[in-house]
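The whole structure should be built from the sequences, with the hints applied where relevant.
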Amino acid sequence: MSERKYTEDHEWVDLDGDIGTVGITDYAQEQLGDVVFVELPDVGKTLSKGDEAAVIESVKAAAEIYAPVDGEITEVNAALNGDPSLVNADAGGKGWFVKLRIADASALDGLMDEAGYTAFVDGLS
Amino acid sequence: MAIASGASAASLKSTPLNALHKELGARMVPFAGYEMPVQYPAGIIAEHSHTRTAAGLFDVSHMGQAVLRGDDPAAAFERLVPGDITGLAPGAMRYTLLLNEAGGIIDDLIVTRPGESGTEGQIYLVVNAASKDADFAHISKQLAGSATLERADDRALLALQGPQAAAVLARLAPASGDLVFMRAAAMTIDGVDCFVSRAGYTGEDGFEISLPGDAAEGFARRLLTEPEVAPVGLGARDSLRLEAGLCLYGHDIDTTTTPVEAALIWAIAKARHEAGGFPGADVILEQIANGAARRRVGLLPEGRAPVREGAVICDHDGNEIGRVTSGGHSPILERPIAMGYVATPFAEPGTQVQVSLRGRTLAMTIAAMPFVEPKYYRGN
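So the sequence lines, in the order shown, correspond to chains L and D. What the first sequence shows, in the working numbering, is residues 1 to 125, in sequence order. What the second sequence shows, in the working numbering, is residues 1 to 380, in sequence order.
Derived from the structure by calculation, the hints contain no laboratory data. A portion of the hints provided could be inaccurate.
Per label pair, the in silico range of CB-to-CB distance [as the list claims (entries may be wrong)]:
hint: 1; chain 1: L; residue 1: GLU72; chain 2: D; residue 2: GLU309; range: 31 to 37 angstroms
hint: 2; chain 1: L; residue 1: GLY93; chain 2: D; residue 2: GLY218; range: 40 to 46 angstroms
hint: 3; chain 1: L; residue 1: ALA115; chain 2: D; residue 2: SER11; range: 33 to 39 angstroms
hint: 4; chain 1: L; residue 1: ASP51; chain 2: D; residue 2: GLY291; range: 43 to 49 angstroms
hint: 5; chain 1: D; residue 1: ASP153; chain 2: L; residue 2: ALA115; range: 44 to 50 angstroms
hint: 6; chain 1: D; residue 1: ALA89; chain 2: L; residue 2: ALA79; range: 56 to 62 angstroms
hint: 7; chain 1: D; residue 1: THR351; chain 2: L; residue 2: ALA78; range: 29 to 35 angstroms
Where is the CB? At the ideal position from N, CA and C, for every residue including glycine.
Shown next as structure tokens:
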């Protein structure tokens, strides 16, 4: 698996072959607070970079998860339907949202690596 | 994911507990012109549950406190509100509504007639933070010549709420145990002159404690040393009041809603159903007699997705019949709950309605409120 990449919208993506797993960062889940509901897309849906991939509802508000690159949904994390708090407990692992088949892996080159994302978040406060 | 950035704190006011909130790890947000804690590290659901099972400590110092003085301030104030204020016994308090001439609600507030000797000719008011400047200006202007409003901006206000609140406060102030729901008294606690009322905004038994601002941080630290007490932010305050079916001013009630539409007829004194004598009485008494076109109701959306303020409520044919005014997740019921206004024919509990959420149609059921039974202490 290649190195984890990050977007400025606080998504992360892990690439394994041509399949990218997408989640939100620990910083993002902390900002959201307690997650109470996640609306996941249909498998087979084709997304362009920046399209809404999922909706996440915390106690306070709704937030959208955007597709970090173009791709087709191959799997969603059904465990979030039963236990949306997985997003809070393990945002970088069990709290993943969707898997995407990514046609052009080079699209990930424009995203940040972990050091870049950490610096980006530090610059926000 | 888009994250709203916090507004600059530069222009915000702070309460006397601001430094303590930050020390406790609170996330601070702008609210009603103040920098306030929306949650602490425990999180909104944990803080909510703690308040329902133990005792939560809330900083509500942003709210407006004032004393109205005059020969008969209760009689004067009664001209502005539909409640029975002259009939308040010493030490008793009441929820009431500042009304405009159209019967719209300018604010909701608590009025207390203090019972201590030397407080004759005074009533004590607590109004919403966002409305306080306008409220106090309105009251001063309307009552000029008969009563004088004195703002108590130097005082803090803490709420201690939950089933263990009484046991905690009795340890520090045994006299607090003599109060029942909607009664208040002055008492010295830990050397601080406090005015303690048995009331709140959570549906739980509990207290609100008015005290000098410069004593508030030490007092809050003292309460937080009690094992049952944890700090609770505005996020859980909102979810608690929604479960309790209580209105949030500016959302569930405002100048466009009347007390009849808002299902707050109980806040209109019985005698005044006939006598009137309050702003907007012609509109409101007509609505009491003949009904209003819409009513505030509880709403239970199907499924798990929260339905938020502003969502359009429709009948089965898709015709708009109302709007959601507050909505969110109930940590106790572990499901979405909401309140809003619907056309009166749809207001009966059990009626099925619909709401559109992100392009899908969800069923909702009109529900009686409160969603969670209140646990007010009315004496043994």
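We went through each hint and held it up to the structure:
{"no.": "1", "hint": "GLU72/L <-> GLU309/D: 31 to 37 angstroms", "verdict": "35 angstroms, holds"}
{"no.": "2", "hint": "GLY93/L <-> GLY218/D: 40 to 46 angstroms", "verdict": "43 angstroms, holds"}
{"no.": "3", "hint": "ALA115/L <-> SER11/D: 33 to 39 angstroms", "verdict": "35 angstroms, holds"}
{"no.": "4", "hint": "ASP51/L <-> GLY291/D: 43 to 49 angstroms", "verdict": "48 angstroms, holds"}
{"no.": "5", "hint": "ASP153/D <-> ALA115/L: 44 to 50 angstroms", "verdict": "48 angstroms, holds"}
{"no.": "6", "hint": "ALA89/D <-> ALA79/L: 56 to 62 angstroms", "verdict": "57 angstroms, holds"}
{"no.": "7", "hint": "THR351/D <-> ALA78/L: 29 to 35 angstroms", "verdict": "33 angstroms, holds"}
In summary, the structure agrees with every hint in the numbered list given earlier.
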